[in-house]
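Please arrange chain E on chain C, whose structure you already have, making use of the hints.
Given next are the chains, with one letter for each unit.
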Amino acid sequence: MTDIGYWGVPLAILGGAIRVSTPFIFVSIGECITERSGRINLGLEGTLVFGAMSGYAVAYHTDSAWAGTLAAAFAGLLFGLLHGWICKFPKVNDIAIGIALMIFGSGLAFFFGKPYVQPVAPDLPAIPLGFWSDIPQLQAALNVNVLFLVGIALAFAASWMLKNTRIGLTIRVAGDSADAARALGIDVNRVRLWSTGVGGALAGIGGAYLSLYYPGSWNEGISSGQGLMAVALVIFARWSPVNCLYASLLFGGAGALGPALQSVGISQGYYLFYAAPYVLTLGLLVATSSAGGSATRAITAAPGELSITK
Amino acid sequence: MKVPPQDNRIPDRALAVSTHGMTMRFANFYALRDASITIAAGSFHVLLGENGAGKSTLVKCMMGFYRPTSGQISIDGQEVDIPDPRAAHELGLGMVYQHFTLVPSLTAAENLVISRADAPARIDWKTEREGLAAFMEKMPFKVPLGIPVGRLAAGEKQKLELLKQLYLGRRFLILDEPTSVLTPAEADELLGMVRGLTEAGELTCLMISHKFREVTAFADEVSVLRRGEHVGGGKVSDLSTSEMAAMMIGDKELVRPAARLPFIGKPVLEMAGAKAPDRSGLKTIEIDGLAVKSGEVVGIAGVSGNGQMELMELLTGQRPLEKGAIRVKGAAYRASREEARRFNVRYLPEEPLKNACAPKMTVAENIYFRDFDFLGGKTQFWLDGRRMKQEAGRLVGEYKVKTASLNAPIASLSGGNVQRAVLAREFTGAVDLLVIANPCFGLDFSAVAEIRARIMAARNAGAAVLLISEDLDEILELSDRILVMSDGHIAYETPAEGADIGEIGRHMAGHH
Chain C
1 MTDIGYWGVP LAILGGAIRV STPFIFVSIG ECITERSGRI NLGLEGTLVF GAMSGYAVAY
61 HTDSAWAGTL AAAFAGLLFG LLHGWICKFP KVNDIAIGIA LMIFGSGLAF FFGKPYVQPV
121 APDLPAIPLG FWSDIPQLQA ALNVNVLFLV GIALAFAASW MLKNTRIGLT IRVAGDSADA
181 ARALGIDVNR VRLWSTGVGG ALAGIGGAYL SLYYPGSWNE GISSGQGLMA VALVIFARWS
241 PVNCLYASLL FGGAGALGPA LQSVGISQGY YLFYAAPYVL TLGLLVATSS AGGSATRAIT
301 AAPGELSITK
Chain E
1 MKVPPQDNRI PDRALAVSTH GMTMRFANFY ALRDASITIA AGSFHVLLGE NGAGKSTLVK
61 CMMGFYRPTS GQISIDGQEV DIPDPRAAHE LGLGMVYQHF TLVPSLTAAE NLVISRADAP
121 ARIDWKTERE GLAAFMEKMP FKVPLGIPVG RLAAGEKQKL ELLKQLYLGR RFLILDEPTS
181 VLTPAEADEL LGMVRGLTEA GELTCLMISH KFREVTAFAD EVSVLRRGEH VGGGKVSDLS
241 TSEMAAMMIG DKELVRPAAR LPFIGKPVLE MAGAKAPDRS GLKTIEIDGL AVKSGEVVGI
301 AGVSGNGQME LMELLTGQRP LEKGAIRVKG AAYRASREEA RRFNVRYLPE EPLKNACAPK
361 MTVAENIYFR DFDFLGGKTQ FWLDGRRMKQ EAGRLVGEYK VKTASLNAPI ASLSGGNVQR
421 AVLAREFTGA VDLLVIANPC FGLDFSAVAE IRARIMAARN AGAAVLLISE DLDEILELSD
481 RILVMSDGHI AYETPAEGAD IGEIGRHMAG HH
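One line per chain: the protein sequences are C and E, in this order.
The first sequence begins at 1 in UniProt numbering and counts up by one.
The second sequence begins at 1 in UniProt numbering and counts up by one.
Treat the hints as calculated values from the structure; they're not laboratory data.
Mixed in with the good hints, there may be bad ones.
Not close to chain E: a few residues of chain C, all C-beta gaps over 12 Å, as computed [stated by the list, open to error]:
no., residue
1, Pro122
2, Ile127
3, Leu138
4, Ala181
5, Ser217
6, Trp239
7, Val264
8, Tyr274
In the DSBU-like style, the derived pairs of lysine-lysine whose C-alpha atoms are separated by at most 30 Å in a straight line are [said to hold, decoys possible]:
no., chain 1, residue 1, chain 2, residue 2
9, E, Lys142, E, Lys126
10, E, Lys60, C, Lys88
11, E, Lys400, E, Lys389
12, C, Lys91, E, Lys354
13, C, Lys163, E, Lys402
14, E, Lys402, C, Lys91
15, E, Lys60, C, Lys91
16, E, Lys283, C, Lys163
17, E, Lys211, E, Lys60
18, E, Lys360, E, Lys60
19, E, Lys293, E, Lys266
20, E, Lys400, E, Lys354
21, E, Lys378, E, Lys329
22, E, Lys142, C, Lys163
23, C, Lys88, E, Lys354
24, C, Lys163, E, Lys266
25, C, Lys88, C, Lys163
26, C, Lys88, E, Lys360
27, E, Lys138, C, Lys163
Backbone N, C-alpha and C define an ideal beta-carbon position, used for all residues, glycine too.
Chain E extracted, bound-state conformation:
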């Protein structure tokens, strides 16, 4: 069997890593100030903090992406210099990023082999495949090695990212919100495996997370950052979640989801016999008898890659319907701008920067997309710059979008602020149907609470809400009725009240 040869300098066991007085200054803004964190060998350490608290900056300094303004890193008590990521890798430090770093057109096997520093000049696929098979044998989960990574579902990609780090023999692993794309069961499996490796003393893990459930279930210790400063931490067993939350957010009020008003009206969205090919073109998406009534939130749960993305695309008009019909308020609906305006249909797609924005246009222009040619029931020929500035300015204030100026390109905003800007655009005015997909993906929990409260408010105001989400907690929190999507169709339906989570999980996994 062929194992990736270890660099001589990487020991065969977990590494202890600590930072001393890490400071990172951009112009006159401190992204990180005097952060000293110690991560013991073989521990599972979690870095908590809101968006922009400096977590990413800290780990980027550790991995050599940034040169800290001041401060040192030591590994196993010895001070080290990490000028670039390659140096970090040679010291045994690895990272699983929030975005995928796999190459989409290469197969999993090709991705693994090329990621090795000692990839042979001529690759003998027979021996490599044998070596990979032997390596996979020891791993608690499997990923298909022979198909291009671009065709794998998000969950599988994330597993492969982790497998890659282990394959490369890394002894200190930074995980940047690794479970945001996984189902609870998958997340538990993944983290349980990492936990096992840390307990065996083979790996030290530093995880960035927002999920307290994962922290309490798997982590040994936490460090909390707020506004670039290390404000506290300790053993997980000594801390309660409310103490950790208090450290994270300081003294700020959280928006609680509004109370649920009992209100069920007429059906707004209906899908009957709708059929379309999925992304790979090999399978079919079939949605029949889906109805969302005014004043209810229908949650669609499911493991990523079971057709939810395609369902969203059908509803937003990004994917042509092969058969069947989508009806809104009883009329056929083809998602044209005209129809969306007439029926007051609004969208909050996942990855809003890609699916709901023109990234290089300004914040004001992006917020103005719904209204730029329309005022008081009449179409307008000329663009009214002053009205745009006024309305965008008002919405930016109201939705607390943090931007340098209204004229900044929206792509320069952080993920949470892009989502707030889109929210401001889509939630303004009369809303009768709201179609939402993974609205809180990658956001910190105060932003999450705010977005969920807005969704509930829209529901209480009488909107029909279709919520497609891979986060089961979100579905359970917001929905009136829960549907489970599996293998391209709706496999299960239950009222949210008294829903059996085990049953939902079984249908998500495809066993029923």
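Chain C on its own, in the form it takes in the complex:
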């Protein structure tokens, strides 16, 4: 291995941003679409874990990582639709159902996933974008998974969709004012059902990435709260899919800081840097929230129907 000294740190951050951020990108864009329709699905953590398990299992049995990814998306879709369907009943709280589904999804994944801890499933393919360089660290950092590129495209596509299509405007109407939506003849519950379904499917894909690429195996601690963090990222990103992409990259990059410092031989206090993503996010959130200065100003981008902002 070529010794590149402290240059390893920014490289590791770049690599981390690319590798670690992908599940965040998928889950946060999915949640973004769900929240823009006026519901919060906290169950995405469970969906992520179940997606990881089902993706791994199907990939193992079919010997195709892509079949696994599709299966994970389908499983996620079902979880999302379940959430959307339960929430249409009166006096059902979407946050409570989300928490229930988070536990349900994880539990179900652990239950069915026991036999798949040992076997090895095929990985998702990566594109070696670092082929032009001789430095192995750079090659490693630029080894980009296809799903990462799909995630970037998805962020811009989702942004465009929310602004330039009938479906996008319909989702925003349902999320901002259910009364206005009803006056327009929009079936609010149906819009939210499918928005939650799509959100779930994307979270499922995020889960498949975890088990089929990085870290690349199925075990019960695979997500460690990433699904929940992604939901928080949506608020941080002010409900914009493109901002979700940037927030995920930032979060992934910051997450790589701790291991990177450790690898270049800093042994004192490096564990503090493991907290970097959280500290950074918190700091940025405080900075952007207080930019207006006035306490009476609401978060202007927040969908009006969201139960946390009402």
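Below, chain E alone, put in the same frame as chain C:
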């Protein structure tokens, strides 16, 4: 240019609509009983009635929100079935509601495009904007299309609501008190435009209104409802306002504003150099040298969105003051509960359900908010349920609050009754300073008369009253001194006696 394509079934001219024996029964209560109303094509028809007279029920039946218990609707002489609002829209019927139906976070352009039944799956903003510009070209007033509707002032929103209906090609329009948020000039402009469209035979209009001035100035015909029944109507030219009022209220006595006692005392409320950002955070509210003396009503007139809402929030403590001071009886005032109690400051904010009530708590609890922890100058730890019931019961009777029970959530009351309940709470006990904003918004005129009489009574008893209102008639009726607010500051001051209305209007419009 792209015009919203018309549904084949909607003709290209005004529609005639009539109802036959409309009856709407909720359990054993008739909200509407055997109402037959005929609205000729191209006429401007007004539906008059007090709160709860059945006007909303009737139009909701016409628009398909309710399924009438019995009765039919016909359009151009043909009986039609309207099971839901969408069916009404397809027949060319549209409605502008009292509350806004625009989506706050969407821009005006987005709101217009998505409201079309045939909104394209992929929206080409370039052509849409061109189409909208061409449409706006033909309209007598303009609304900014590019900013989120939530940032528009109430008046602009109402114009946009009307524009939306015209954009959608509706041929029969129900207007539910469309001018309650507009200045007289804006209202005249809006109604004049509607009038023009009806005269041209392009539109038939059914308007719910309480304002006789608008009825006599713009309408062709009226129908009057009382307690769910159609009690009369006819051509406006054949009826006097007192005849219409008599039909509306039956034989009941109206409360007249009490006589004005000449009485000017010491200043109670003073604001000096007060500064705060406005709601958008882009502009500043600056109030300097505002003083309200004991025994006078100071009216603050202005077009909505010129900082009156923010001024109210400053006084109620809902908005932090950046600079300057608010003083009550010479002492600094930060609107804490403690200070409000010590100085006897009371509030009547606009939208009382939102700003002065806990909507899901009971009527009794809401009425008891000022006193629940306080009795005879001492704070109390335990809640005295019996005293609460007693006092709330007494006030509900005294202020004629119509409620199913004292334990009903206050949100279940009608707008007028919520306002009466808040009035009962705020006007009870010693009142030295009364801060009021749009107290009569959306209320029928007997409730309005009663509320105004109570305000005058408080003034005559020596209270200093600051009245912020978008209704200029109200300001003129109640005030001793009139201030005009424009662009976040006080632009004009005049004694109410001999005030020049033209001058006030010019300052409201920002031309001076």
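Here's how the hints hold up against the structure:
no. : hint                  : in the structure
1   : Pro122                : holds (38 Å)
2   : Ile127                : holds (31 Å)
3   : Leu138                : holds (41 Å)
4   : Ala181                : violated (8 Å)
5   : Ser217                : holds (42 Å)
6   : Trp239                : violated (9 Å)
7   : Val264                : holds (45 Å)
8   : Tyr274                : holds (37 Å)
9   : Lys142(E) / Lys126(E) : holds (19 Å)
10  : Lys60(E) / Lys88(C)   : holds (25 Å)
11  : Lys400(E) / Lys389(E) : holds (16 Å)
12  : Lys91(C) / Lys354(E)  : holds (21 Å)
13  : Lys163(C) / Lys402(E) : violated (46 Å)
14  : Lys402(E) / Lys91(C)  : holds (28 Å)
15  : Lys60(E) / Lys91(C)   : holds (26 Å)
16  : Lys283(E) / Lys163(C) : holds (28 Å)
17  : Lys211(E) / Lys60(E)  : holds (21 Å)
18  : Lys360(E) / Lys60(E)  : holds (26 Å)
19  : Lys293(E) / Lys266(E) : holds (5 Å)
20  : Lys400(E) / Lys354(E) : holds (21 Å)
21  : Lys378(E) / Lys329(E) : holds (22 Å)
22  : Lys142(E) / Lys163(C) : holds (23 Å)
23  : Lys88(C) / Lys354(E)  : holds (26 Å)
24  : Lys163(C) / Lys266(E) : violated (58 Å)
25  : Lys88(C) / Lys163(C)  : holds (26 Å)
26  : Lys88(C) / Lys360(E)  : holds (22 Å)
27  : Lys138(E) / Lys163(C) : holds (27 Å)
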